[in-house]
Amino acid sequence: MNITDREHLRALFTKPTNYINTNRGDAYYRELYKKMEKRLTELRAQKPVREAEMKFEEYLKVWELTRRDFLKWVSATTAMLMLPPQFEPLVAQAAEVMNRIPIIWINIQDCAGNTEALLRSYSPTVDELILEYLSVEYHEVIMAAAGDQAEQNLEKAVKDFDGKYLLFVEGSIPVGMPEAFTIGRHPKTGVEHVKHLAEHAVAVIAVGSCAAFGGVPAAHPNPTGAVGVMDVVKGKPVINIPACPANPANITGVVIHYILTGEIPELDSLLRPKFAFGYRIHDNCERRAHFDAGEFVEEWGDFGAKNNFCLYKMGCKGPFTFNNCSIVRYNEGTNWPIGVGRGCIGCSEPNFWDVYATERPIADSPIQPPAGRGVESTVDQFGLGVLTATAVGIGIHAVASALAGKKDKEENKEEV
Amino acid sequence: MPKVRKVVLNRVEGEIQLKLVWEKGKVKDAFIIAPNFRGFEFILEGKPALDALVINPRICGICGHAHLIATTKAIENLYENAGLKIDIPQNARLIRDITLGAEIIQNHLRWFYMFVMPDFLKLEKSKKLKDFEPIKGYKWQKAVDFSSRIVKVIAIFGGQWPHTSYSVPGGVVCDPTTFDLTEAKSIVDSVVGFAQQEIFGMDIEDYLSVSSEEEYLKKSKNSDLKKFIFMCKKHQLDHAGKSYHRFLTVCDMEYAFSKGITKKKRRNFYVEKVREIDSYSYLTENGFSFDKNRYSWAKAVRYDGLPYETSPLSRRINSREKLFINLLKHYRDSYMVRMWARIDEIARLLYAMKMWIESIKPSEPFYIPPPADIKEISGKGVGLCEAARGSLIHQLTAEKGIIKKYNIITPSTWNLGPRCEKYLSPAEKAIKGADSQIKAEMILRSFDVCSVCTTH
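Protein sequence lines correspond, in order, to chains A and B.
Quick note: the first sequence uses the working numbering, first residue -13, plus one each step.
Quick note: the second sequence uses the working numbering, first residue 96, plus one each step.
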């Protein structure tokens, strides 16, 4: 391991460009506000995807939700998108014109975990708003149609909404062994399926770590040659929403952003939306104070565990993992892994099954609690440990970043 | 000439295809095809054993928690087989049961309201069923709501759902406070309320004492279970979908069910008698084979050479519950009885969960460190667990804490696997004789189809 790799590691974990700029000045927001207003007016002038839809207010009633519940959700979503509070009315309006955007959701080598997470999210967000109000034209787990009828519906949706629908992909794609995934009565492989649907989509959203980076199926030795969507789909914007499962709030966030702007959100080098992946778990962790104070859990069930000390020494990957779960949490904000003392497993980072998984050397590293200085200052100290464990991962991370950088530029031309 | 037709069953986890061979308007033979594969067993090889705790829950987005428990038990068993006694605190056992119970309940709620009842809408367009319409129906929405609510219990103890990893060899990592326990209890209570009012039409404890169909129909007010029973009778599903009448359950759960196998008489379960057969699977002992006789990624599983059904119905039968012994006499293992057992389990587990939550003592430990580092352990371990769909078995061989071989046998492998030379799988057998395609699909669905688990 030479010095350049170590420098690369430092760059990776401390790169300022990974962060989102949360205050871009009044002029910027004024401009953005105008742009969004214009977009919403255009959408309002369009017809809903399906005729005879109920009004949004009626949906709220059906779900026994009050306007107040809805406004709470609006505030949370506005904050999550890192927009200032004056954007709340726009976010509310965006939710109301959601049914102008058709959606197709497909599952390839998946476990349905992301669908499950989505079905169990905040009220009144996704169950109600996406599944109810947003026009999900095809989703094999929740739709009513099955078999041939479902296949026909899918083809019809592709034709009707050619170039307009958002394609959600859940699960990795086995390019190495196409026989590992086939779908339909006249079997199509996963690769064909994704390529075909992506060709007619406006953008492709890879939901979950499998769709984003190959996930568990792509872990060594990757028996089926699984890869993420960005390795299969070319010529269309791809947005990665990794994590296992992807946080439903981030899925809605991307959709709302698209409705508000007609564009995909600002992405990082791994094509993740910066509003959700602009911070590390560690930056907003509820146990961060214990890290800074040098108070660590040394063994499950010990004094530190009982007092919610930092889980870093138990293998927590929070300092290396970009995601907003420390803010958004799971299951209607009920809890998250660090809340029960398990530590972060880094599930939204590429290749983490091989390099991060559980109690890996990082945890044993002789770290000096750097009160007030943050983890960056200790990168050099535990760097060697990390390098031995993550040599493979870093290589791939680097390649992915380089590739993604190129994509970034191309997309900027198209989208912004 | 028999006619062959292939149908794709969506609305399951992943996808399952059915190849039906028709003769004289009835299904003469059925092939269940699981077309998707990821290769978890290969991925686990060569990885540290504790990594399995993080990787295995990802086998399934629905039963991930059951996979976690099976993995934990397999590693604990590895310690025991190496001659090291491992202490698991009572609190940890209770937490594992509570969260497993919650996962099973959410699954049954969803399966009944989101998958099974909407099937009846295809058999008849009646106004009475309007509430069960997917997405728009009132009952559909309520079921989503309450199934989301019960998984919060898992989130309280496990951090999130799906895909939790809070259970480790030696206990659980969480340290719940009385506040957490109260919160969990109030969630369970609210689901009990839903179950009493909508599903059973009577008090849960009264329902649990019911011993025959007549008694239930007489005592229950208007309820969804009652509607289901009437619909089954109307469409002759009360006697359709019979399988082998052999039942298997691999572990006990206090207040809920006990293990055993029933083939006419009840016997003990021995894991050594379980065998996997790959003669019709793409995945073979020597690698992959796509020759034309093979039709599924799943393997066939046999106990003592025979196919067994594993499901909530098996759990009812192996714990000798009177209601189901009686139902079996009238209807045998039909579509209606199999589904009823699934719904019945909602009541049984809710009741048990209340007991378990009350038995937790927050002042006592939730974790006791295993007697040695996993890196010193070599040998074999087996983890047995009952998941929503039936029996789950994890078998692992490790050398100095590194996984040498990992084998997973899921409930769906038992029920929906392919045939062997001698026998069809239980679901294939049950579908034989169905008189319409929709009924064939419904019978398959009564096994609670999960394709991702089937092939893993």
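In case anyone wonders, no lab produced these hints; they're calculated from the structure.
Errors might be hidden in some of the hints.
Derived Cβ-Cβ restraints for the label pairs, each shown as a range [claimed, not checked]:
no. : chain 1 : residue 1 : chain 2 : residue 2 : range
1   : A       : D134      : B       : Y233      : 38 to 46 Å
2   : A       : R171      : B       : E471      : 48 to 56 Å
3   : A       : R171      : B       : K517      : 26 to 34 Å
4   : B       : T492      : A       : E178      : 22 to 30 Å
5   : A       : D288      : B       : D347      : 27 to 35 Å
6   : A       : M40       : B       : Y365      : 51 to 59 Å
7   : A       : H172      : B       : T492      : 52 to 60 Å
8   : B       : D530      : A       : K181      : 35 to 43 Å
9   : B       : D530      : A       : R171      : 47 to 55 Å
10  : A       : R171      : B       : L216      : 17 to 25 Å
Just a few of them, taken from the derived set where beta-carbon distance is under 10 Å, the chain A residues facing chain B [claimed, not checked]:
no. : residue
11  : P70
12  : T101
13  : G157
14  : T168
For each residue, glycine too, the CB sits at the ideal point set by N, CA and C.
Name the hints, by number, that the structure is in violation of. Of the numbered hints, 1, 4, 7, 9 and 11 do not hold.
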